[in-house]
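Q: Sequences listed follow chains H and G, in order.
Under this note's numbering, the residue at position 29 of the first sequence is numbered 29, and the numbers go up by one with no gaps.
This note's numbering runs 237 ahead of the 1-based position in the second sequence.
Some clues are possibly wrong.
Taking lysine-lysine and the DSS-like style, the derived pairs with C-alpha atoms no more than 25 angstroms apart in a straight line are [as the list claims (entries may be wrong)]:
id: 1; chain 1: H; residue 1: K179; chain 2: G; residue 2: K374
id: 2; chain 1: G; residue 1: K377; chain 2: H; residue 2: K157
id: 3; chain 1: H; residue 1: K179; chain 2: H; residue 2: K42
id: 4; chain 1: G; residue 1: K396; chain 2: G; residue 2: K514
id: 5; chain 1: H; residue 1: K157; chain 2: G; residue 2: K374
id: 6; chain 1: G; residue 1: K514; chain 2: H; residue 2: K154
id: 7; chain 1: H; residue 1: K56; chain 2: H; residue 2: K42
id: 8; chain 1: G; residue 1: K389; chain 2: G; residue 2: K493
id: 9; chain 1: G; residue 1: K404; chain 2: H; residue 2: K50
id: 10; chain 1: H; residue 1: K157; chain 2: H; residue 2: K179
id: 11; chain 1: G; residue 1: K504; chain 2: G; residue 2: K389
id: 12; chain 1: H; residue 1: K154; chain 2: G; residue 2: K377
id: 13; chain 1: H; residue 1: K135; chain 2: G; residue 2: K377
id: 14; chain 1: G; residue 1: K404; chain 2: H; residue 2: K56
id: 15; chain 1: G; residue 1: K404; chain 2: H; residue 2: K101
id: 16; chain 1: G; residue 1: K404; chain 2: G; residue 2: K513
id: 17; chain 1: H; residue 1: K44; chain 2: H; residue 2: K56
id: 18; chain 1: G; residue 1: K374; chain 2: H; residue 2: K135
id: 19; chain 1: G; residue 1: K377; chain 2: H; residue 2: K179
id: 20; chain 1: H; residue 1: K226; chain 2: H; residue 2: K33
If you are wondering where the hints come from, they were derived from the structure by calculation, not from laboratory data.
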Amino acid sequence: MRMKQAYLAGLTMLVASVIATYAAPGGGTISGKVTYEGTPAKPKPIDMSKEPSCAKQHATPVMTETVVTGPNNSLENVVVYVSAGAPDENAPSQPVRFDQKGCQYIPHVLAFQVNQTLEIANDDQTSHNIHPLPKINREWNKSQPPGTPPMTDKYDKPEFIPVKCNIHPWMHGNFAVLKNSHYAVTQGEGSFTLANLPPGKYTITAWHESYGDQTQDVTISGSEAKTVNFVFKAKPY
Amino acid sequence: MRLMTTKSIRLFLVVLAISAAPALVSAQQMESHIGKWTGHADAGKQLYFRYCWGCHGFRGDGNGENAPYLNILPRNFVAATFKCRSTPTGTLPTDQDLFNAIERGFNNSNMPSWITLTDQNRADLIAFVKTLSPRWKNDKPGEPITVPPEPKLTIESIKHGHELFEKLECWKCHGQEGYGDGPSAATLTDSNDQPIRPYNFAAGSRFKCGATNQDLYKIFITGLDGTPMPSFADVIKAEEAWDLVHFLRTLQVTRKSPELTLWESTKEGAEQVASKKIYGTPTGSGIKQ
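Required output: the full structure, derived from the provided sequences and hints.
A: Here it is, written out as structure tokens:
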């Protein structure tokens, strides 16, 4: 019991000092591009004919999103984040939103912080079941019929969590639950920027749902801007 | 000499006190409480390695020697995701839930009913199973859901239950007539990516988590964690949930129930029930694509 108290007190002090050091604004910036080499698997058209209310929302078939590429071999939907060197942070108060629209998850990869409120909304005229498949956090599975208000949830441990809808088997998404606010998800150009990093040594990790993860160590001094690029080996299958 | 002995006794007592403190804590964690029964993990361990490990494995991760031969894999106690709970989705079950599961067995799976074991045996086993996952140290079981008293059975409640079955799209997996052949049935997988079938009401067997109306109520409110069956706790009102129970019973055309009898007493219901083909859970090409 006494040990537990001492432990808690120590933890509180640690958290307090961490917050104090982190409060310093400004700092360095790490930016770069994520690309692939090799031949990535071609996106396949999704057959939504079993769900007419969704199929009619798309003039052309929706393509699978397990690998999404852009111009100049750029890779989309890569989570780039500080995996070591930065202190853990408390979650921001604003929620993040995960939409189900046209039987697709928007965004396909949603990054947010530990204990940050996650809002899940159904904009479709059909029932979805939201079934995230964590291994470390708790697994739940909830139904969300059309017209029901967004549901909210939180994850208390960092983890990359695949999300699926069992009713519509083509629906796949990902949650990236991260320990701090230094993260970015690459878009069309494959570029990312991690700003406001205080001087220090950092491990930067790039995670892709099909190609796994890569890390690089970067040291920032003063308010310098450093470039870090990641290249993933693409597999044609 | 005598001084030495007192001193060593004192030292012994101090050492004992220090070592006993964490032991007491872990002893509490290694207990289960079901009604008047208190289960102990050390006793449960003996039983586990006699009756359970062949399927559930010596680490409790569901990789026992027999596991490759089983369809519907043995429960992984390390992951500690449980289908049959009285607690909300995403929470640990109560000791009583696990106790009931061992007693009842799992219908349509290889898990038999262990009624040959005594209540004390089952309580001991649960205490041991809870030592297999760190989740039991970090999390508490969820707060059991409240099941309101069952309202009077009426034709209206059956009909309203049918509307809910349509509105909540239960038929997407379970099929319009409850045969387990809905449009999404063929592609269902559990959380281990193993194919899994939705319940076929027409086959008339017991449910996975019990045989009573209360059990049926709990199944769709809590969901079956680790399977495609979601929780409907946030999207269905308590009084409406009982209507759905009443309707679902009329889909069990091979099982006599007050609900089915009442439904068959109407012209519409009698025609519907008479028109039903009875066969087992469809497989392969039998599943309507």
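Q: Return the numbers of the hints above that this structure violates; sort them in rising order.
A: 3 and 6
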